[in-house]
Amino acid sequence: MTRPLLSRIAETLYWIGRYVERADDTARLLDVSVHRMLDEPETSSSLYAVLGLTAAPASPQAMIRRLAYDLDEPASIASSVSSARDSARGVREVLSSEVWECLNVTWHHLSKLETLPPHAYLAFVRERAALFFGLADATMSRDDCWRFIVLGRSLERVDMTTRLLAVHLASDWRLLLQASGADESFTRTHGARDGAVLEFLLLDRLFPRSVVYSLLTAEKCLRALAPETARAGVADSAQAAIGRVRAGLEYSDLDELSDRLPELLGTLQEACAAAGEAITKRFFQRREAMAWVGA
Amino acid sequence: MADIFDTYVMAGAWDEMFERPGVPRGQYQALFAALQPLGARELRTRADQLARMFTDRGVTFDYAGVERPFPLDLIPRVIDAAEWDLVTRGVRQRIRALEAFLDDAYGARQVFHDGVVPWRLLHSSPHYHRVAHGWRPPNGVRVHVGGTDLIRDEQGVLHVLEDNVRTPSGVSYVLENRLAMTRTLPTLFSEQFVRPVEEYPARLLAALRGAAPPGVADPTVVLLTPGVYNAAYFEHALLARLMGIELVEGRDLVCENNRLYMITTYGRRLVHVVYRRVDDDFLDPLHFRGDSVLGCPGLVNAARAGNVTIANGVGNGIADDKLVYTYVPDLIAYYLGETPLLPNVETYRLDEPDVLDHVLAEADQLVLKPVDGAGGKGIVIGPVATPEELAAVREAVREDPRGWIAQQPVLLSTSPTLVGERPAPRHIDLRPFAVNDGDDVWLLPGGLTRVALPEGELVVNSSRGGGSKDTWVLGEACAPAASAAMAAPSAAQWSPSRTAAWEGEQQ
Chain A
1 MTRPLLSRIA ETLYWIGRYV ERADDTARLL DVSVHRMLDE PETSSSLYAV LGLTAAPASP
61 QAMIRRLAYD LDEPASIASS VSSARDSARG VREVLSSEVW ECLNVTWHHL SKLETLPPHA
121 YLAFVRERAA LFFGLADATM SRDDCWRFIV LGRSLERVDM TTRLLAVHLA SDWRLLLQAS
181 GADESFTRTH GARDGAVLEF LLLDRLFPRS VVYSLLTAEK CLRALAPETA RAGVADSAQA
241 AIGRVRAGLE YSDLDELSDR LPELLGTLQE ACAAAGEAIT KRFFQRREAM AWVGA
Chain B
1 MADIFDTYVM AGAWDEMFER PGVPRGQYQA LFAALQPLGA RELRTRADQL ARMFTDRGVT
61 FDYAGVERPF PLDLIPRVID AAEWDLVTRG VRQRIRALEA FLDDAYGARQ VFHDGVVPWR
121 LLHSSPHYHR VAHGWRPPNG VRVHVGGTDL IRDEQGVLHV LEDNVRTPSG VSYVLENRLA
181 MTRTLPTLFS EQFVRPVEEY PARLLAALRG AAPPGVADPT VVLLTPGVYN AAYFEHALLA
241 RLMGIELVEG RDLVCENNRL YMITTYGRRL VHVVYRRVDD DFLDPLHFRG DSVLGCPGLV
301 NAARAGNVTI ANGVGNGIAD DKLVYTYVPD LIAYYLGETP LLPNVETYRL DEPDVLDHVL
361 AEADQLVLKP VDGAGGKGIV IGPVATPEEL AAVREAVRED PRGWIAQQPV LLSTSPTLVG
421 ERPAPRHIDL RPFAVNDGDD VWLLPGGLTR VALPEGELVV NSSRGGGSKD TWVLGEACAP
481 AASAAMAAPS AAQWSPSRTA AWEGEQQ
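Protein chains in written order, with the UniProt record's numbering: chain A, 1 to 295; chain B, 1 to 507.
If we strip away everything but chain B, and leave its shape as in the complex, we get:
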């Protein structure tokens, strides 16, 4: 029998789906069995259908001012319950440690006095804001939403690549991917229990409401976007709609007497919580960049006065800087007294002189990253860099060692991805999303799996032509009866022909 996986050649990295050629790992068996009988052309047709659906629905990502559909691959990534449990505990641990670090750094600064983290790390961070010093948010939460990037190495071990505790984006694609997959390949879901993702907006809204200034019984929550030209605008609009809150731009807001208002057709309305997707620098021209029109003058003072909560917190950037990242295992030990559950990638701090020399000498063997870069910007992968690129990065590192880290290259795991009409291995990572409501850090089961679509590409960012995959976390209960993710059981009862119709689609 023709098999779409016949021509699949593993890439030498850890393959997420296959243990060895033709033999899928446990959590992939049901998926494999469902995909195998599909013809290559059938798969292509479904993929085209999926792409068209995204274009029509406007599920896009803006890059350099061009609106592009964010490509979704048809073959999901599957994570079993046990591994997800590890991810959940590991990410939760990091978020708790980072919350403690932020609280300390903007408060007592004990971690620096105790010499766990050097003072210069704080003073040299461009994201340290004096205005945030001594300012405690209402329920103590600063990381309302966190996104932790994970990669799997050649041995199959998950490592943390970076933490994002400012304004991590991508969750909208998790929600849209699932919706698109259930529409395009509904039968895939019927064989197993895939944990649903639609709980996210309700969790986020609850966390935002919970962060409101004390005494506000029914807070007004808004989502602040830089506007329609922002890369993640699609996400801002989707989240606002799913939460049923206003999507505001800076020009919709006005501050008076340390209170924040939005301008409506009935005049001004008080706002209590701002889920901002605008960076600190643009949030308030009175405190940050004076030329910014994206934020609202007076917002920071209103927040400091305790009349409005800004989520995520102002100044969080000191905790997700790539140099601070190297200290997170120490922070976990220091604040929580625990052993890190998810290891870091081996990383060199260049502000130590002999390390710097070593790194400069071995630059062609290492990955060099600006501590502050986002979207894969500025990353130099030594083994594949040109001599000119290496010379340039050596120069940059020599000039500003605080601005860079170096890491051992990790060959990211691969996952079968539809290329043309056939699956081929492509490198992937995973960004799980955490929501902290003050009592509990909740993880969205799944997260965003990003795929580097060009063959051999190791940077998965969407700005480098990356795509994504629907990410399935399997539930403990694998009985087919528990497939609540797809069909409403009641519907199946009165309309058994429905399932039959789906079966028919698979031909």
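Just chain A, with the same shape it has in the complex:
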């Protein structure tokens, strides 16, 4: 068994994984949406809706400002980076210094880049997210610290990929692939065929940003974090929630999937939320708030 991890630290690591992935995915989402929004302003409001935000700003520019730079907007890239950095600051002792420095430097640089064209800012965010996960990959032991980061990243990735699919449901599939960094992998796998895009982003077992791949990764983390001892069934409710939805996806008929896509995306989101709650309950326990009055 690996060394026990403080619950607070486990929780923080899980959220660092989520925040960095969220910054990355939001940058990808914005990058491919910007051009479309200029042509079709109504895209802004649908993008807003799937990100769970209300009151869409009037112009695409205002929208980019809010989603990229606005520190008062919890869903913005700047907020995600700032939260990741603040969280990392609180668990520095379990991160490698390279990983911590990567987040710290990213955070210090970010506000200076607001004057650049959005694309440069968004590209910087994606690069730094890649650097973060790359450094974590290269410098951290494959212990529970690592697993909580990857678990957070995987669940966030499922969540964001489903949102991406939702916003660009009826749009250009090329954009969708680009936003997932998947266009080249896709072409090598399927050639220039539009039809298989949904299959690729939902079900491909080899592409790391696909929903199934991310669900499998999350399950693997959870199994290692809480080894099952029961002979039958799955006692861990986070594992159960993820496993159920993953199996449902894998055993579905593809045509059927595209017919009921909106419903399916909703189910996936719910499963991620349920898994998140179960993880919190199982691993992130805290001391009860103190109940007495001091002398």
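The hints are simulated quantities; they were obtained by calculation from the structure and are not laboratory data. Quick caveat: nothing in here was measured; it's all calculated off a predicted structure. For every residue, glycine included, the Cβ atom is placed at its ideal position computed from N, Cα and C. Hints may contain errors.
[To be verified] Computed footprint of chain A on chain B, listed as stretches where at least three residues anywhere in the stretch have a Cβ under 8 Å from a Cβ of chain A:
| no. | segment |
| --- | --- |
| 1 | 49-58 |
| 2 | 97-111 |
| 3 | 236-243 |
Assemble the complex: chain A is given as a structure, and chain B must be docked to it using the hints.
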């Protein structure tokens, strides 16, 4: 040849580097020779590089909620082996005397019965905790870590300014400063043997493990921090990482049946030693401040029951109060039968009536300090104080003589410090760190040299915009071959070009 020290004008205080203009003291000669050929702009570039490295690495100090890089000056402070030997023996002597005093004060109280120290000193101390009475820690150690502040006067004599035996901080900057210096100016180290500082975490961990409750073969040690908003949080995180122990906050801990546990993803895990960086007042709401959420309810009882060791000890504040400081020479004589090796600064105790009158009359010539202040807070330097400040401090002293001491002003020594593109003299002090493992008091060779960056400023605290310097203790062996501090000799053997590359950097 242009020389960065050409424009250096000594400040009238003892200068650490120069005996007289242009003539460096013995221990500084190699450093002087290495720095002299550097151009002013080159020096500035290195300094900027250093500052950026600190920002990137997050080597910061929180002041009033703002995270600031702790400025590191490029020009090190150098202490020769003989003087360091004196510092080591002198600090060790004080720590041993203070340990004996604490043991006595919370035990037999013989020192008070014998009239060496007045009873009122104990009873009036806000840091005296009844709960600590009769409580002996497992290996007898209460000062696991001590930080003793030293200053050098105009004659070049080192004096003790104060002792810190509660939770002295700053050691992380010693470690980070050295790392940054070896990266920024590696060649500086090649000419002489600078004693390495990286032994500290291992020494500290050994002392903490050694303080575990008896019978625990493999103790679990944790570092308790107030959290990310504490000024010294950077240090807490660094030490925890270097020691490989958990950095816990109060909310990670729970006490049950007089045992302490930390809450992990696998449930509760027993804890045996807490290196706490939380003040007594916040340690345990059952005994101290009831509104504190920084500590853990039940911790003190668990410690009293002998199931967990708290380091540094609870109630240590009675030994580093600035009024007790005035008695330390007496304590050294009383407990150790020795003569103090490091003198105190001349200090007046205001609880004696005629002394009080004298001090009130001469306040404009003296330094007045609250006995309990930290971080330079509340200090009034008479000769530079405004009439309003003097009136206010006179009033405060009259109302609470126990709360203040007065000292003769000491003009702190200066050290060349990079200001803009040129070195200029700035006042400094030194905080060596001592680790007591029960058998031996070990001193980290070096310590934290703090610099008062504003010209003429005599208070060096970081909260007053202070910076720091890498502090070199030279080894006995000054042969260049012994420069183990920098290059791994084996690396030099198979890759001689490496040294050449460093040489190139100096252009």
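Hints, one by one, checked against the model:
Coverage of the segment 49-58 of chain B by chain A holds in this model, with 4 residues showing a Cβ closer than 8 Å to a Cβ of that chain against a need of three. Counting residues of the segment 97-111 of chain B whose beta carbon lies closer than 8 Å to any beta carbon of chain A gives 0, which falls below the threshold of three, so the coverage claim is violated. Look at the segment 236-243 of chain B against chain A: 4 of its residues bring a Cβ nearer than 8 Å to a Cβ of that chain, three or more, so the hint holds.
Checked against the numbered hints given earlier, the structure breaks only hint 2 and satisfies all the rest.
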